[in-house]
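Chemist: Here is what each chain is made of, one letter per residue.
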Amino acid sequence: MTEQEIATKEKQTVQGQEKTRAGRFFLPEVDIEELSDSLKLWADMPGVKQSDVEVTLNNGILTIVGTVSTEGYQKLAPLYTEYNVGNYFRQFELNEDIDAQRINASMKDGVLELTLPKSERARPRRIEVTAR
Amino acid sequence: MALLRYSPDLDRVTNLLALQGDLERFLRNPGYGLGVSGSGGFPPVNIFDTGDGVAVIAEVPGIDPKSISVSGQGHTLTISGERRRETSTETAGYHRRERSFGAFSRSIQLPEQLDLDKAAASYDAGILTVKVSKAEAAKPRQIAVKSA
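From first to last, the protein sequence lines stand for chains R and U. Take 1 as the starting number for the first sequence in our numbering and just add one per residue. Take 1 as the starting number for the second sequence in our numbering and just add one per residue.
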């Protein structure tokens, strides 16, 4: 896996979403893994600081919003551009029964890592078969 | 007037104008002279004029800054490293796999008046910023006028 070349995908803007905040919104790229007792989610949101990310779970809809400050760009004149800068927004409908109280979110180097523990009744369990 | 159905063959003028527009935009783009290798590669870079030099800004999320290499040779700036996937012990399955991982390297040919000896790199929240200032010789200077 070391010599693999990475390609850059162009950022996709969020379509068909009513916005309450100004600015452009892009879809962060995500990985979602399912473990036996939880879901793990990683979202690439370069430029988003820990204090500027919002994660909510409401009626089974997981919403991720990352705000990017474009203040640092005000004094700069672009010479060459390959990517656009803006906020991030993405929603997922979770089929799994998630224990909202125990969701853990952390942000490091522009990557959001979410651990969504499944609630007790959604976990797979082994049913003991007893002898009669 | 006959009614013509749309077909790409009939739309030569529009296509030609669009092509011309693209070409002009390409030639007008000051970045044309910057010589950036591997367009579309990772990480994507933006280059800005800071007044006293340039700032090369790249989106490289999820990488330990210690494992990003920024080097300069002559007038070429190279950003390289490797992005590794976070490891989890047991995986039942993937619902989404959109992020890409692997080794990367990008080189940028900078204009001659920039001095790579005076480059400074910083990394914050997945954004790498390399600032390169102009060489002393390329900066504007005031020449005193002496009276004869």
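Hints were generated in silico from the structure; no laboratory data involved. Note that the coordinates shown come from a computational prediction; the quantities given were computed from them, not determined experimentally. Glycine included, C-beta positions come from ideal geometry on N, C-alpha and C. Be aware that a few hints might be false.
Said to hold, decoys possible - Subject to a maximum C-alpha distance of 27 Å in a straight line, what follows is the list of computed BS3-like cross-link-like pairs (lysine-lysine): (1) R:LYS75 <-> R:LYS49; (2) R:LYS40 <-> R:LYS108; (3) U:LYS66 <-> U:LYS139; (4) U:LYS118 <-> R:LYS75; (5) R:LYS108 <-> U:LYS134; (6) R:LYS11 <-> R:LYS49; (7) R:LYS49 <-> U:LYS134; (8) U:LYS118 <-> U:LYS139; (9) U:LYS131 <-> U:LYS146; (10) U:LYS134 <-> R:LYS9; (11) R:LYS118 <-> R:LYS75; (12) R:LYS9 <-> R:LYS118; (13) R:LYS49 <-> U:LYS139; (14) R:LYS118 <-> U:LYS66; (15) R:LYS75 <-> U:LYS146; (16) U:LYS134 <-> U:LYS118; (17) R:LYS40 <-> R:LYS11; (18) U:LYS66 <-> R:LYS40; (19) R:LYS49 <-> R:LYS9; (20) R:LYS118 <-> R:LYS11; (21) U:LYS118 <-> R:LYS11; (22) R:LYS118 <-> R:LYS108; (23) R:LYS9 <-> R:LYS40; (24) R:LYS108 <-> U:LYS139; (25) U:LYS66 <-> U:LYS118; (26) R:LYS108 <-> R:LYS49; (27) U:LYS131 <-> R:LYS9; (28) R:LYS9 <-> R:LYS108; (29) U:LYS131 <-> R:LYS118.
Unchecked claim - Derived CB-CB ranges, DEER-like: (30) U:ALA135 <-> R:SER106: 38 to 44 Å; (31) U:THR76 <-> R:GLN50: 33 to 39 Å; (32) U:ASP52 <-> R:ASP37: 50 to 56 Å; (33) U:THR78 <-> R:SER106: 43 to 49 Å; (34) R:ARG24 <-> U:TYR94: 27 to 33 Å; (35) U:SER71 <-> R:LYS9: 53 to 59 Å; (36) U:LEU19 <-> R:ILE61: 31 to 37 Å; (37) R:GLN50 <-> U:LEU19: 44 to 50 Å; (38) R:LEU76 <-> U:ALA144: 28 to 34 Å.
Chemist: Each hint should be assessed against the structure and marked as holding or not.
Modeler: Okay, the hints, checked on the actual structure:
no., hint, result
1, R:LYS75 <-> R:LYS49, "holds (21 Å)"
2, R:LYS40 <-> R:LYS108, "holds (15 Å)"
3, U:LYS66 <-> U:LYS139, "violated (33 Å)"
4, U:LYS118 <-> R:LYS75, "holds (21 Å)"
5, R:LYS108 <-> U:LYS134, "violated (33 Å)"
6, R:LYS11 <-> R:LYS49, "holds (19 Å)"
7, R:LYS49 <-> U:LYS134, "violated (31 Å)"
8, U:LYS118 <-> U:LYS139, "holds (14 Å)"
9, U:LYS131 <-> U:LYS146, "violated (37 Å)"
10, U:LYS134 <-> R:LYS9, "violated (32 Å)"
11, R:LYS118 <-> R:LYS75, "violated (47 Å)"
12, R:LYS9 <-> R:LYS118, "violated (32 Å)"
13, R:LYS49 <-> U:LYS139, "violated (36 Å)"
14, R:LYS118 <-> U:LYS66, "violated (35 Å)"
15, R:LYS75 <-> U:LYS146, "violated (37 Å)"
16, U:LYS134 <-> U:LYS118, "holds (8 Å)"
17, R:LYS40 <-> R:LYS11, "holds (23 Å)"
18, U:LYS66 <-> R:LYS40, "holds (26 Å)"
19, R:LYS49 <-> R:LYS9, "holds (22 Å)"
20, R:LYS118 <-> R:LYS11, "violated (31 Å)"
21, U:LYS118 <-> R:LYS11, "violated (32 Å)"
22, R:LYS118 <-> R:LYS108, "holds (24 Å)"
23, R:LYS9 <-> R:LYS40, "holds (23 Å)"
24, R:LYS108 <-> U:LYS139, "violated (39 Å)"
25, U:LYS66 <-> U:LYS118, "holds (20 Å)"
26, R:LYS108 <-> R:LYS49, "holds (8 Å)"
27, U:LYS131 <-> R:LYS9, "holds (25 Å)"
28, R:LYS9 <-> R:LYS108, "holds (21 Å)"
29, U:LYS131 <-> R:LYS118, "violated (46 Å)"
30, U:ALA135 <-> R:SER106: 38 to 44 Å, "holds (43 Å)"
31, U:THR76 <-> R:GLN50: 33 to 39 Å, "holds (35 Å)"
32, U:ASP52 <-> R:ASP37: 50 to 56 Å, "holds (55 Å)"
33, U:THR78 <-> R:SER106: 43 to 49 Å, "violated (31 Å)"
34, R:ARG24 <-> U:TYR94: 27 to 33 Å, "holds (29 Å)"
35, U:SER71 <-> R:LYS9: 53 to 59 Å, "violated (26 Å)"
36, U:LEU19 <-> R:ILE61: 31 to 37 Å, "violated (44 Å)"
37, R:GLN50 <-> U:LEU19: 44 to 50 Å, "holds (46 Å)"
38, R:LEU76 <-> U:ALA144: 28 to 34 Å, "holds (33 Å)"
Hint violations for this structure: numbers 3, 5, 7, 9, 10, 11, 12, 13, 14, 15, 20, 21, 24, 29, 33, 35, 36, all remaining hints satisfied.
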